[in-house]
Amino acid sequence: MYRETSILNDSSPVSPAGDDGAGNITINVGPQHPATHGVLHLVITLNGETIKKVEPHLGYIHRSIEKMCESLTYRQFIYVTSRMDYLSSHINNHACALCVEKGLQVEVPPRAQVIRVLMDELTRIASHELWWGAMAMDLGAFTPFFHAFRERESINDIMEETCGARLTMNYMVPGGVMQDLHPDFQKRVKEFLHLYKRKIHEYDELITGNIIFQNRMKGIGYLSPEDAISYGCSGPVARGSGVSSDIRKIYPYEIYNKLEFDEVLETAGDSFARYMIRLREMQQSIRIIEQLIDNIPDGDFQAKTKAVLKLPKGEFYQRVETARGELGVYIVSEGGTTPYRIKFRSPGFSNLSVLDHIARGSKLGDLVAMMGTLDLVIPDIDR
Amino acid sequence: MWSFSHIANELHEWLSSIFNPTWTLVIEMVLAGVAVIGLFAALGLVLVLMERRVAAWIQIRLGPNRVGPQGLLQSLADTLKLIVKEGLTPSGADKLLFNVAPFIAMIVAMLLMAPIAFAKDFQLWDMNIGVLYVSAVSSIMVISILMAGWSSNNKYSLMGAMRSGAQIVSYELSAGLSILTIVVLTGSLQVSDIIHAQATGWWIFKGHLPVWIAFVTFIIAVTAETNRAPFDLAEAESELTAGFHTEYSGMKFALFFLAEYINVFIVCAIGATLFLGGWMPFHIGNWTQFNHVMDYIPSSIWFFGKTFFLIFLIMWFRWTFPRLRIDQLLNLEWKYLLPISMINLLLATAMAILGWHF
Amino acid sequence: MLNEELKNKITGLLPTATFEEGGEWLNVIVEPKDWLPFARQLRNDSSLFFDYLFCLTCADWKTHLTMVYHLSSTTHRHNIVIKAKLDRNKPEIETVSHIWRTAEFHEREVYEMFGVHFLNHPDLRLLILPDGWEGKNPLRKDFEDPVNMIKL
Chain A
4 MYRETSILND SSPVSPAGDD GAGNITINVG PQHPATHGVL HLVITLNGET
54 IKKVEPHLGY IHRSIEKMCE SLTYRQFIYV TSRMDYLSSH INNHACALCV
104 EKGLQVEVPP RAQVIRVLMD ELTRIASHEL WWGAMAMDLG AFTPFFHAFR
154 ERESINDIME ETCGARLTMN YMVPGGVMQD LHPDFQKRVK EFLHLYKRKI
204 HEYDELITGN IIFQNRMKGI GYLSPEDAIS YGCSGPVARG SGVSSDIRKI
254 YPYEIYNKLE FDEVLETAGD SFARYMIRLR EMQQSIRIIE QLIDNIPDGD
304 FQAKTKAVLK LPKGEFYQRV ETARGELGVY IVSEGGTTPY RIKFRSPGFS
354 NLSVLDHIAR GSKLGDLVAM MGTLDLVIPD IDR
Chain B
206 MWSFSHIANE LHEWLSSIFN PTWTLVIEMV LAGVAVIGLF AALGLVLVLM
256 ERRVAAWIQI RLGPNRVGPQ GLLQSLADTL KLIVKEGLTP SGADKLLFNV
306 APFIAMIVAM LLMAPIAFAK DFQLWDMNIG VLYVSAVSSI MVISILMAGW
356 SSNNKYSLMG AMRSGAQIVS YELSAGLSIL TIVVLTGSLQ VSDIIHAQAT
406 GWWIFKGHLP VWIAFVTFII AVTAETNRAP FDLAEAESEL TAGFHTEYSG
456 MKFALFFLAE YINVFIVCAI GATLFLGGWM PFHIGNWTQF NHVMDYIPSS
506 IWFFGKTFFL IFLIMWFRWT FPRLRIDQLL NLEWKYLLPI SMINLLLATA
556 MAILGWHF
Chain C
494 MLNEELKNKI TGLLPTATFE EGGEWLNVIV EPKDWLPFAR QLRNDSSLFF
544 DYLFCLTCAD WKTHLTMVYH LSSTTHRHNI VIKAKLDRNK PEIETVSHIW
594 RTAEFHEREV YEMFGVHFLN HPDLRLLILP DGWEGKNPLR KDFEDPVNMI
644 KL
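Protein chains in written order, with the numbering used here: chain A, 4 to 386; chain B, 206 to 563; chain C, 494 to 645.
Just chain A, with the same shape it has in the complex (with noise of 0.2 Å):
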């Protein structure tokens, strides 16, 4: 099955008058675009450099993850979600994982949430890290991509010598998680915050303060509060515009309520708000490493569960907070060991969605600032 050529190509010829006769004309954004990280295709109507239009065109990598789940069993499917949003695969399987739990009603030892809960604020730095390194590309500079992964590589390095990978981990398992921890992991997460707290200046001092930067971002890309909560926005998206929306807080799962740490908001609603959300969040998860990483209790690290789940008729609903937002994972069981139907709520899918909203309007170099500071993922999107 290929798309029809009912989109226009951008090699059509161009008229004065515009592809539509008053002007306008259409370009496509992507499928392959060094703006969209992935294949995400925009279509957009242009007045000379100002944005009128833009309409994203999805599933160039549609796996169909949710029909593929209906034929996987509750230990089976959990790896797939990895391929969700590769750059929190650990969350996406945190979410499953629980999604399970809640099913079979299993008590997760303590010791398997608190390596969960570091895991998932590792993974939320990674994520966040290479966000920052690749919206700096979009907006043009190279460098702090590279800046960027350096401390990247050194949370991937933890991940590989526990969990075996390093971005697919496939850690969480349905009551705790699968292996112990490697020996040296507490060891390695502290020399990472270390090399962390003494490079993070580098990243205001590069890019934050520049004169440049702010001129791209501040007071473009303009979310109000109520089209944030209309929209279905959710994780930093909703919370630059003032909208608090962090499941971590408001709706707490595993030991986050009894982690001391903030929800970080900004009012502006501006891409430049969206950018900071992530900056600081990125302090705050490594606060809750702090807080965790010399107390990580004894014992078990995956509760009893039976070989073949099976999780009774009903319908289960769970909510995590991943890097990018809200992700709900809806899992309807009619007693069998396969899920009747599942659903996973992408915070990605939402986002998107306000894109056009905000970018109308406004030039076409914004637009790429705007996709960057909405984060977009696209196997997230397209599942």
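I should point out that these hints are in silico values taken from the structure, not numbers from a laboratory.
Beta-carbon label-pair distances, calculated as ranges:
#, chain 1, residue 1, chain 2, residue 2, range
1, A, R78, C, K555, 22 to 28 Å
2, A, Y82, C, H557, 31 to 37 Å
3, A, D301, C, H569, 39 to 45 Å
4, A, D301, C, R570, 32 to 38 Å
Each residue gets a CB set at the ideal place from its N, CA and C atoms; glycine is no exception.
Got chain A sorted already, so can you dock chains B and C onto it with the hints?
Then chains B and C, alone, in the frame of chain A:
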């Protein structure tokens, strides 16, 4: 003894002794042409490698280090690759303009070599309107970009070309005005006169505030004129994929690429000539000993040293700053740089008349 | 508001609504024709104020389709699940995309995956599937794709 001017004179005398003056001139022109092309190729290789190494150094990585010793042959390998690649012409393109555009870019870059003084008394053509010639010829550059963008029949290319057109035309004003500042202080448009006027000290030291302002304006304006980050809106990878040269491939793309680097070299050479004394050694007042030592360093080293320092500066910008937006770019020129340059020119004129500089 | 209070309140608003027991949130089953006015009340009633539609999906029960709306309130922090049973052969329901803007994209997804027609939707086109896919709905239980689907 082995200075460039000495070699050039020897060659001229030798040729004159064999041929009549007309043939001598013809042979010398051919030799100069070959030398310029050779310099082109060498500069292209060196500058591309330099850019990659500077970028790598700024980005805490190694850069090219596989091909040849220390990766020195990397750009040679890249050139080879580009030569053997097919130069596609899109079916909807305006074939003539599409194929001519990269050569125009190249010819402009070559023409600009003429008035540059590479070493003491070593210059292809020391015309009396040298600086004016540079400003005039460099304006042709925009035509090649517009041709490339329009003839590609691609919307990204067209937008890149239009951006570039607006940008180059705007920034030429402040580049021209900052060049005028030096012309006013020197009282001559001839490149050799400008350099000789700096025998007692470079303009950047002698000229006080007006020259400093002119220097900063010049560096900003030429960075914009050569379409380099943070003013690389004509290419703007993350917005327009590759801007005006989206549809180019193989050697035709390489010519644009090379022309960009040669242009960087040329504007930096002009900047070094106008503000940093060209091939003039660094002298401090009447420290005769020190000045004597400085004179021992060959003039070509001085010239290339200063030029490459400016090139490094421009590369540094590229790997540090984010890109401006098109309206911010034009605002910067029309609302800030242009008024500042105009007032600065008045200031420099007043200074020149009253003789306030050293 | 607790589930019990919500239940009483909703019974007052919509007497035909039935409730489904179990689950952590209150499950309300409404008739498709009642849905639009009821949605407006849910969104605008100051004591309910369900302004955040965080999940909109559908499930194929072979005999019928069920639309599932997960709503939450950003001021009161209570959640509710609304379900509407649709005829499997001619599934139609009013759109809520002008009440919760996020529904526009989610409804387009449900439209192509389940074939549910959302009446008065501003832009009901395929979002994820390629052009010319109309008619086959991948997430329905009877969907067959001999090439890409492997029976386990």
